[in-house]
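Let the hints inform the model, and build the full structure from the sequences given.
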Amino acid sequence: MAFSVSKFSDADLRDLEAELSRMAALVEKQLLGAINAFERRDVAAAEKLIPVDQRLDEYDRDIETRVMAMLEKATMPKEMLRQVMTIMKVTGELERVGDLAKNVAKRTLVVSREVPARPTLGVARMGRASLRQFSDILNAYATQNLEAAKAVWGGDDELDELYNSVFQEILLAMMKDSDRVNACTHLVFIAKNFERVGDHATNIAEAIHFQVTGSPLVEIRPKGDETSSITVEPPKRTGASS
1 MAFSVSKFSD ADLRDLEAEL SRMAALVEKQ LLGAINAFER RDVAAAEKLI PVDQRLDEYD
61 RDIETRVMAM LEKATMPKEM LRQVMTIMKV TGELERVGDL AKNVAKRTLV VSREVPARPT
121 LGVARMGRAS LRQFSDILNA YATQNLEAAK AVWGGDDELD ELYNSVFQEI LLAMMKDSDR
181 VNACTHLVFI AKNFERVGDH ATNIAEAIHF QVTGSPLVEI RPKGDETSSI TVEPPKRTGA
241 SS
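The sequence shown begins at 1 in this note's numbering and counts up one residue at a time.
Don't read these hints as lab results, they were simulated from the structure. Predicted model, so just to flag it, every value in this text is computed and none were measured.
Cut-off 25 Å, straight-line C-alpha distance, at most; resulting in silico cross-link-like pairs (SDA-like, lysine to any residue):
#1 K89 x Y59
#2 K29 x D53
#3 K89 x M76
#4 K89 x R55
#5 K192 x L171
#6 K89 x G214
#7 K29 x A151
#8 K89 x I50
#9 K192 x L109
#10 K29 x D199
#11 K48 x R96
#12 K192 x S165
#13 K106 x D42
#14 K192 x N182
#15 K192 x V115
#16 K89 x A11
#17 K192 x P51
#18 K29 x V188
#19 K150 x L217
#20 K48 x S21
#21 K192 x D42
Written out as structure tokens, the structure reads:
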């Protein structure tokens with residue numbers, strides 16, 4: 001996807017938006033690639049994704065440098081200042097999503113060499129759900145669609161609920177088969193990475209709200225991650241002597 005930059009007349013701001021657009025497209029591609037590599041247990045594809053994160057770090061540093069240069073040039077109108085500050089905020093969120101995609105790729109290298117664990121399918125569903133959220137919020141930013149942004153913001157609890165379910169499934173799988181403990185441990189981290197993608201999508205939604213309205217989103221964010229208090233009963237052993 002690409003952001004629309006035609007509404008900006010200032011050349012510096014147009015260039016800044018264009019660079020953010022390129023960064024966003026690369027992050028989206030990285031996340032999709034990480035999900036595909038994980039689903040297919042594709043070690044070669046995962047390995048190719050990891051060094052690309054350096055390019056995202058370069059985008060992050062360059063946009064920050066451009067923003068600082070713009071702020072030092074002259075006093076901006078309030079609306080333009082909000083745009084610049086939102087770009088800065090969104091850039092940081094994109095860089096973190098890129099880190100999460102890289103982490104998924106790195107853990108895929110381990111998981112793909114282990115005995116397949118049943119919860120893999122649930123984790124893959126989480127990945128696809130996080131990608132939908134992320135793509136939706138990028139489109140909302142591109143069109144400055146406040147309603148679409150709030151829909152992503154309000155829908156984050158659905159990803160949290162999926163995470164809760166997958167987390168329990170992974171714990172149960174580890175209890176049932178000690179040979180899968182290593183793979184399942186990495187699955188927990190991969191699932192958490194996907195859950196965090198949703199958090200960054202909601203952060204971008206809040207940035208969009210600020211840019212469009214000039215005020216923060218003061219509603220309480222729905223949050224359904226209950227894994228800190230989840231306990232799973234170990235499966236009953238059969239054939240044990242009394």
